[in-house]
Amino acid sequence: MTDHTDVNEKLNMDVVFNDNLEDIVGRNVPATIRSSINEEFRSIKRTLLTVAFEQDDDQPKRNRVMVTSINSCEGKTFTAIGLAKSVSNERNKTVLLVDGDVLNPSLSKLLTPTPSHGLMDYLNDPTIDVPDIMCNTPSDGLKVITTGAGHHQANELLASDIMNELMSELNTRYSDRLVVIDAPPLMGVNETLTMANKVDQIVIVIEEGKTKVSELKRIQRALPKDVVVHFVLNKTLSQTEWRTHNDLESDTHQNDQVLTGANALH
Numbered sequence: 045m046t047d048h049t050d051v052n053e054k055l056n057m058d059v060v061f062n063d064n065l066e067d068i069v070g071r072n073v074p075a076t077i078r079s080s081i082n083e084e085f086r087s088i089k090r091t092l093l094t095v096a097f098e099q100d101d102d103q104p105k106r107n108r109v110m111v112t113s114i115n116s117c118e119g120k121t122f123t124a125i126g127l128a129k130s131v132s133n134e135r136n137k138t139v140l141l142v143d144g145d146v147l148n149p150s151l152s153k154l155l156t157p158t159p160s161h162g163l164m165d166y167l168n169d170p171t172i173d174v175p176d177i178m179c180n181t182p183s184d185g186l187k188v189i190t191t192g193a194g195h196h197q198a199n200e201l202l203a204s205d206i207m208n209e210l211m212s213e214l215n216t217r218y219s220d221r222l223v224v225i226d227a228p229p230l231m232g233v234n235e236t237l238t239m240a241n242k243v244d245q246i247v248i249v250i251e252e253g254k255t256k257v258s259e260l261k262r263i264q265r266a267l268p269k270d271v272v273v274h275f276v277l278n279k280t281l282s283q284t285e286w287r288t289h290n291d292l293e294s295d296t297h298q299n300d301q302v303l304t305g306a307n308a309l310h
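My numbering numbers the first residue of the sequence shown as 45 and each following residue consecutively.
Calculated directly from the structure, the hints in this document are not laboratory data.
Just so you know, even glycine gets a beta-carbon here, dropped at the ideal spot from N, CA and C.
Where hints are given, some of them may not hold.
Restraint ranges, calculated between C-beta atoms of paired labels, are given here [claimed, not checked]:
#1 265 with 82: 17 to 27 angstroms
#2 83 with 170: 36 to 46 angstroms
#3 193 with 232: 20 to 30 angstroms
#4 136 with 258: 41 to 51 angstroms
#5 90 with 196: 36 to 46 angstroms
Start from the sequences and build out the full structure, keeping to the hints where you can.
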């Protein structure tokens, strides 16, 4: 892989991130709800940062975080953006937000102007280097990589050696950087499980009243055993619920019920 010695000088371009909450969720958000959401992202962020960086010196960082959902439209992109923005406010941490949803790159569509190269371009074209796909944002602590041009062999590119090298570099190059990857939903998408084998933590966003326990169990069995899995119960009647679990195999969830309420993931 090319030596990227002048990353900051070679950044592809400056982009403006349209992270206006009303535009993302499609409706007006009262100030009280906005404040509550910000606090919840702070709580989620703290858990991720603890897992990522509080390791023994001889242990690798666990700083590569994939944000996904069981099905579409459960709030994964909103969650990925919120987490990245929250981490960028840290005094001693930076964040790289990667749009890995090669099927529906909604995160990339929020950027203006459209970057000339992205992740798929890098994986498919050996003349493109990492600094060519990394974009500045108005927030000093936040960089972005878009999906780039679509490709009919996206799954093969994500499983390639060059992707392995990129993920290794993102794990080791910067001691203070959290990498947040917005991935496609898990159900019926091969690309997401391919990426799951290249990260250290997975955040699964679940919409209240939509996801079935049987779906969650099926997905959990397919995930790598050495990855830390977190659950965010989103769009609840009260507030976002945050859980960290590695096992849902309990008598409580034998029925094919729909996840709902604050105790849904206990």
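For which of the previously enumerated hints does the structure constitute a violation, in increasing order of number? 1
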